[in-house]
Amino acid sequence: NAGVTQTPKFRILKIGQSMTLQCTQDMNHNYMYWYRQDPGMGLKLIYYSVGAGITDKGEVPNGYNVSRSTTEDFPLRLELAAPSQTSVYFCASSYPGTSGREQFFGPGTRLTVL
Amino acid sequence: GDSVTQMEGPVTLSEEAFLTINCTYTATGYPSLFWYVQYPGEGLQLLLKATKADDKGSNKGFEATYRKETTSFHLEKGSVQVSDSAVYFCALITQGGSEKLVFGKGTKLTVNP
Chain A
1 NAGVTQTPKF RILKIGQSMT LQCTQDMNHN YMYWYRQDPG MGLKLIYYSV GAGITDKGEV
61 PNGYNVSRST TEDFPLRLEL AAPSQTSVYF CASSYPGTSG REQFFGPGTR LTVL
Chain B
1 GDSVTQMEGP VTLSEEAFLT INCTYTATGY PSLFWYVQYP GEGLQLLLKA TKADDKGSNK
61 GFEATYRKET TSFHLEKGSV QVSDSAVYFC ALITQGGSEK LVFGKGTKLT VNP
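First to last, the sequence lines map onto chains A and B. Taking the numbering used here, I'd label the letters of the first sequence as residues 1 to 114. Taking the numbering used here, I'd label the letters of the second sequence as residues 1 to 113.
Just chain A, with the same shape it has in the complex (with noise of 0.2 angstroms):
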């Protein structure tokens, strides 16, 4: 099993500029993650699926868009990027029902906007 994998690893964006960050999970895992690691801070949660078809805000989700239109992916859209915006996003799954809660966490994308 590759886990959760994350693309790019990194990349750098304008101001106004708009990307898409992926992630994959090959865990069967129903619920997913998009988190946001800036320093010092901790990781605040963007949004959230607890399945195909069903997603959430969570703490910090002004400026994104997600959608989950399968078991496997969780992409991560960012409109019209800003300065705010630079961080370290991770995507992360968990299936309650057999992980004992655990969160399984890719590997992190490093977003810079100019």
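Derived from the structure by calculation, the hints contain no laboratory data. A quick note: this is a predicted structure, and the numbers were derived from the prediction, not measured. A hint or two may mislead.
As the list claims (entries may be wrong) - Heads up, simulated EDC-like pairs for lysine to aspartate or glutamate below, C-alpha to C-alpha not over 20 angstroms straight-line:
id, chain 1, residue 1, chain 2, residue 2
1, B, Lys100, A, Asp73
2, B, Lys108, B, Glu42
3, A, Lys57, A, Asp73
4, B, Lys105, A, Glu59
5, B, Lys100, A, Glu102
6, A, Lys57, B, Asp2
7, B, Lys52, B, Glu69
8, B, Lys100, A, Asp38
9, A, Lys57, B, Glu99
10, A, Lys44, B, Glu42
11, B, Lys100, A, Glu59
What the hints assert, rightly or not - Each pair of labels, with its calculated beta carbon distance range:
id, chain 1, residue 1, chain 2, residue 2, range
12, B, Gly29, A, Thr20, 32 to 42 angstroms
13, A, Gln17, B, Ala17, 41 to 51 angstroms
14, B, Lys68, A, Glu79, 40 to 50 angstroms
15, B, Glu42, A, Ala52, 21 to 31 angstroms
16, B, Thr71, A, Gln17, 38 to 48 angstroms
17, A, Asp38, B, Thr20, 19 to 29 angstroms
18, A, Ala82, B, Phe18, 37 to 47 angstroms
All residues carry an ideal CB built from backbone N, CA and C; glycine is no exception.
Given the structure of chain A, go ahead and fit chain B onto it with the hints provided.
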């Protein structure tokens, strides 16, 4: 709302020293508690967990006990190694089925040889 407070870092120790990273929480009901570790340049991975009061989670020589009376889940290790250098996050998931992790701000540990 639910929150996690952990000791400010960074923490610098010599190899074989004793480690304690304090973590306290505020939550309704009986949350599940976790310690995640992030090695340089990597994503987070679960270190240990506890799901009910007085449970002790342990892994790789690290331990933490779920103390409901003090709402704490302090991380300890008796003898740290250079390879333990990482950022440690305390986190909780509350009851109710949302499965949303609430993280502390993280504590950076550096262990010198």
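- Query: Which numbered conditions among the earlier hints are violated in the structure presented, ordered from lowest to highest?
  - Reply: none
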